[in-house]
Amino acid sequence: RHQNRVSKLHLAKSENGKKFILEETPFIDNDENSPLGVEDARISKIGREYFITFTAFKAHIAENNITRIGIVKTKDFKEYYDRDIILERFDNNKNGVVFKNKKIYVFHRPFNSELFPSKTPGAHVAITKNFKEFRDLGEFLKPRKNKWDDARVGINTPPIKIKTKK
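For what it's worth, the working numbering labels the leading residue of the sequence shown as 316, then goes sequentially.
Don't read these hints as lab results, they were simulated from the structure. Heads up, some of the hints might be wrong.
Unchecked claim - Pairs of lysine-lysine, DSS-like flavour, derived with a Cα cap of 30 Å:
no. : residue 1 : residue 2
1   : K480      : K447
2   : K418      : K462
3   : K478      : K418
4   : K476      : K462
5   : K390      : K462
6   : K393      : K360
7   : K393      : K462
8   : K444      : K388
Keep in mind that this is a model prediction, so the values were computed, not measured.
With the hints as constraints, model all of the structure from the sequences given.
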C-alpha cells in the first residue's frame with residue numbers, strides 16, 4: 316500500500332478468501348534501511364516460523380533505485396522479530412525468497428552494481444545457515460535474448476518440493 320508514495324506492507328484478512336479487510340496499521344513499516352519503501356513480500360514457512368522477505372527501498376540516486384532484501388520472522392502475524400538486511404554484499408538486490416531443503420537457500424536477483432553490472436539480471440541462489448553469512452552459488456536462471464523475459468528474470472513465490480519418479 317502506498318501512502319505519500321512510500322510503500323509499506325499491510326496485512327489483509329479474510330474469512331472466505333474472497334472479501335478481504337486491510338489492516339490500517341502497517342505490519343512491516345519503513346526504517347532506516349527502507350525509508351522509501353517496503354514492498355514485494357514473499358512468505359516461506361520453515362518449522363513453526365514464517366520468514367517474510369521483502370524489497371527494502373533505500374534510495375533513488377542518479378536514476379538508479381537502491382534496493383536490498385529485508386527479512387523478518389513471525390509465528391503469528393501479530394508481531395515480527397529479527398528484522399535484518401540479508402545478502403548485504405549485493406548492494407542492489409530484489410526478489411528474495413527463502414526455501415529449505417535440508418539447507419536454507421535464498422533465491423535473489425542482484426543487479427546494477429560493481430559485482431553485477433548487467434542491465435539484464437538473472438536469478439541467483441545462495442546458501443546460508445544463519446542468515447548472516449551467505450555463499451552465492453551463482454546464477455541459475457537467465458533472461459532470454461529477444462524474448463518476453465529479455466529484460467530481467469527473478470523469483471516470485473517460494474519453490475515447493477515435489478517427489479519425482481526415478
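Hint check:
| no. | hint | in the structure |
| --- | --- | --- |
| 1 | K480 with K447 | violated (36 Å) |
| 2 | K418 with K462 | violated (34 Å) |
| 3 | K478 with K418 | holds (18 Å) |
| 4 | K476 with K462 | holds (28 Å) |
| 5 | K390 with K462 | violated (41 Å) |
| 6 | K393 with K360 | holds (16 Å) |
| 7 | K393 with K462 | violated (43 Å) |
| 8 | K444 with K388 | holds (15 Å) |
Against the hints set out earlier in the document, violations occur for numbers 1, 2, 5, 7.
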